Amino acid sequence: MDRRKFFRTSLGATVASAAALAAPAARARPNLEPAPEAVGMLYDATLCVGCKACVAKCKEVNGMPPVPMGQDTYADFALDLSEHTLNVIKIFSEGKGATKDALTDGFAFEKRSCMHCVDPGCVSVCPVKALTRHPRTGIVSYDKDACIGCRTCMTGCPYNVPQYDYNNAFGEIHKCEMCNQKGVERIDKGLMTGCAEACPTGATLFGSRTALLEEAKRRQALRPGEVYAYPMGDVRKPDSYHEKAAPQYQPKVWGEKEAGGTNVLHLSAISYDKLGMPPLGERSFASISEGVQNTLYSYLALPAIALGGLTWLVKRNTAGEQEGESK
Amino acid sequence: MSHHYQALDDRKILTPFFLLMVAIAAFGTIFLIMRFVAGMGAVSNLSGGYPWGIWVVYDIIVGTAFACGGYALAITVYLFNKGKYHPLVRPALLTSLLGYGFAAFGAFVDMGRYWNAYNMFLPWQMNTNAVMLEVGLCVAAYVLVLAIEFSPAVLDWLRKQTGWQIKAEAWRAKLDKVLFFFIALGILLPTMHQSSLGSFMIAMGYKIHPLWQTMELTPLLAVLSAFTMGFAIVIFEGSMVTNGFKRHPETHLFSGLGKIIRGLIAAFLIIRFAYLIFAGKLGAMFAFDLGSLMFWIETALFVYPLVVMSSEEKRGNGKHLLYAAVSLLLAGALYRFDAYLITYNPGPGYSYFPAFPEMIMTVATIATEIAVFLFVVKKFPVLPREVHAAA
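First to last, the sequence lines map onto chains A and B.
Numbering-wise, the first sequence is residues 1 to 327 according to this note's numbering.
Numbering-wise, the second sequence is residues 328 to 718 according to this note's numbering.
To be clear, the hints were calculated from the coordinates, so they are not data collected in a lab.
The reader is advised that the hints may include incorrect statements.
Calculated cross-link-like contacts (lysine-lysine; reagent style BS3-like; alpha-carbon spacing at most 25 Å) [unchecked claim]:
no.: 1; chain 1: B; residue 1: LYS504; chain 2: A; residue 2: LYS315
no.: 2; chain 1: A; residue 1: LYS100; chain 2: A; residue 2: LYS90
no.: 3; chain 1: B; residue 1: LYS573; chain 2: B; residue 2: LYS706
no.: 4; chain 1: B; residue 1: LYS411; chain 2: A; residue 2: LYS315
no.: 5; chain 1: A; residue 1: LYS52; chain 2: A; residue 2: LYS90
no.: 6; chain 1: A; residue 1: LYS182; chain 2: A; residue 2: LYS144
no.: 7; chain 1: B; residue 1: LYS706; chain 2: B; residue 2: LYS501
no.: 8; chain 1: A; residue 1: LYS315; chain 2: B; residue 2: LYS501
no.: 9; chain 1: B; residue 1: LYS501; chain 2: B; residue 2: LYS487
no.: 10; chain 1: A; residue 1: LYS90; chain 2: A; residue 2: LYS59
no.: 11; chain 1: A; residue 1: LYS315; chain 2: B; residue 2: LYS409
no.: 12; chain 1: A; residue 1: LYS96; chain 2: A; residue 2: LYS274
Since the structure is predicted, the reported quantities are computational estimates derived from the model, not experimental observations.
Work out the full structure, taking the sequences as your base and the hints as a guide.
Shown next as structure tokens:
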């Protein structure tokens, strides 16, 4: 063993790993921008009365039969998202749980369904493009014929939205596709999502992301107690209005910027973490992950160079020997 | 060359221990059938918040790191040209082949829509941004490379079978001409997917505990620790084989590996601590919660082998070396378990502890690997030939 050769190789390895370290920072991409005609929803927790009409309508539109709780209770009280439930109303309650939208002794409703992220983690981590973001509408859809069932999308979703059906030997991923999947296509037909259509108070409002964000900001600008005509249905052409005194909204619209933003926006009077929203900054995890992957594997350039170097070294070190036996 | 290796063909295959391993494997097969008939829910506690349980985290993420012996030795022998370690190569390649082969099998069992698996190999379906694509393709390729790297052992065996001698030697000659390329691939591929097995953490974001979430540095820490585990498993298996088969110890070889291990552990610890301190995570280290407790247990398991390998005297002692190797294997395994399961937190409402059948299936996989290993080393020339004088 030649000592100098050893040091030369070690030096090369050190330089290579230092370069690999420095490179990701240089190549990281920014968050994706919203799709040009992004459609979404605005859920205002302060308007929600917890009637769950949206949950029932969702199951009807998506062809998912209700799951009775038992023999005595022929009703579907979905507690969380699952292979049977793409949309659910959850309740926050503290102390006596008496006052709506209050923290102490209060309660609040929260709607959970796919947030249709602007920079979706599930799309970024899916190895086989089973999850895709529509280039125009930004709707995140699922293709069960592409899906291999690795469930990385479930680990990569900050909201734990995609649900795999573990109780089926041929299970698939279930998630809200904004009522626009093949065979439903409500958005393409000019309709709105089932949940927004069913909502009796306008708590779930349908529309373009831009218009919904404007509506959310208008609400935040209201003086608490001021009566406001809340639109119902589609924010761009409301069916009717619901007059109600404005609450003291939280200063941020959830989904404007969180992890790159979402097409489904939320408003609330109590802090979002109480409603089960995850701790997210503005940078999407997908953008960081893709920065690393694309730095290391872009056109397989680095692996090809490394393979060339390795092949040369191994060939030299095993020259004239059998079974790669070194000198 | 075959004179370096010998099959332990004078030993009985059907020992009580071997039969126990086969029995465990058979027990696991019952649950394996249930998984394919009734779905994963019938045999596991996987959920919406914990889509990855021990099948992914042990069988794939920890299991392939345990299977890095072939990788670590290939670098030492062929890159740093340390030929004296050559006798360790074949047993290391065999365990790597078994570890990776069963990891691929485990991935298939865990795949919820396995009949679509071929989509990973269709260029128009590939999402090159996805870490899982890199892992899937790279592990598949590496299993093939390992099979090729191990094939000289099979050809050496074939050569001794009547009527096959000429053919086996001709194949062997052809193989020897191209083997250097597969050895090079066998160094490149694990570097790629072992780092990727850490990169999964990046996209998981806040679900990974702050003490394990090291963002851009995660792939580097993963590959460094996989590397230390590769060397540790070579020492561990060497000791097992020495004791189990009452063979001459290979301490003089392992002691040298110890020096390499020392450098790698030091690099891992320095990079990890530097990142955590610069990222302002000192508070999390001393939070005295589950996360900080697991972090310090892990750190202690990394520091102990560092201390052993730094002492010339302890490094030359077979017992100390074995303890250090075990500590290092536990450290690397715990690093992965902590990140992906123990401190993994998808948010309120979800918890995970493996179901009994889930654990049995993992144990059965390990038992199968051990049984196959024992069978192969008694049938094929894999273990180093006994050397009685100092080598």
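Now for the hints, and whether the structure bears them out:
1. LYS504/B x LYS315/A: Within the cut-off at roughly 10 Å; holds.
2. LYS100/A x LYS90/A: Status holds; Cα separation ~14 Å.
3. LYS573/B x LYS706/B: Holds, because 18 Å separates the two Cα atoms, which is no more than 25 Å.
4. LYS411/B x LYS315/A: holds, 18 Å
5. LYS52/A x LYS90/A: holds, 10 Å
6. LYS182/A x LYS144/A: holds, 12 Å
7. LYS706/B x LYS501/B: With a Cα-Cα distance of about 24 Å, the restraint between LYS706/B and LYS501/B holds, given a limit of 25 Å.
8. LYS315/A x LYS501/B: Roughly 15 Å between the alpha carbons, so the hint for LYS315/A and LYS501/B holds.
9. LYS501/B x LYS487/B: Roughly 18 Å between the alpha carbons, so the hint for LYS501/B and LYS487/B holds.
10. LYS90/A x LYS59/A: Distance ~16 Å between LYS90/A and LYS59/A Cα, so the pair holds.
11. LYS315/A x LYS409/B: holds, 14 Å
12. LYS96/A x LYS274/A: Roughly 16 Å separates the two Cα atoms, so the pair holds.
The structure agrees with every numbered hint stated previously.
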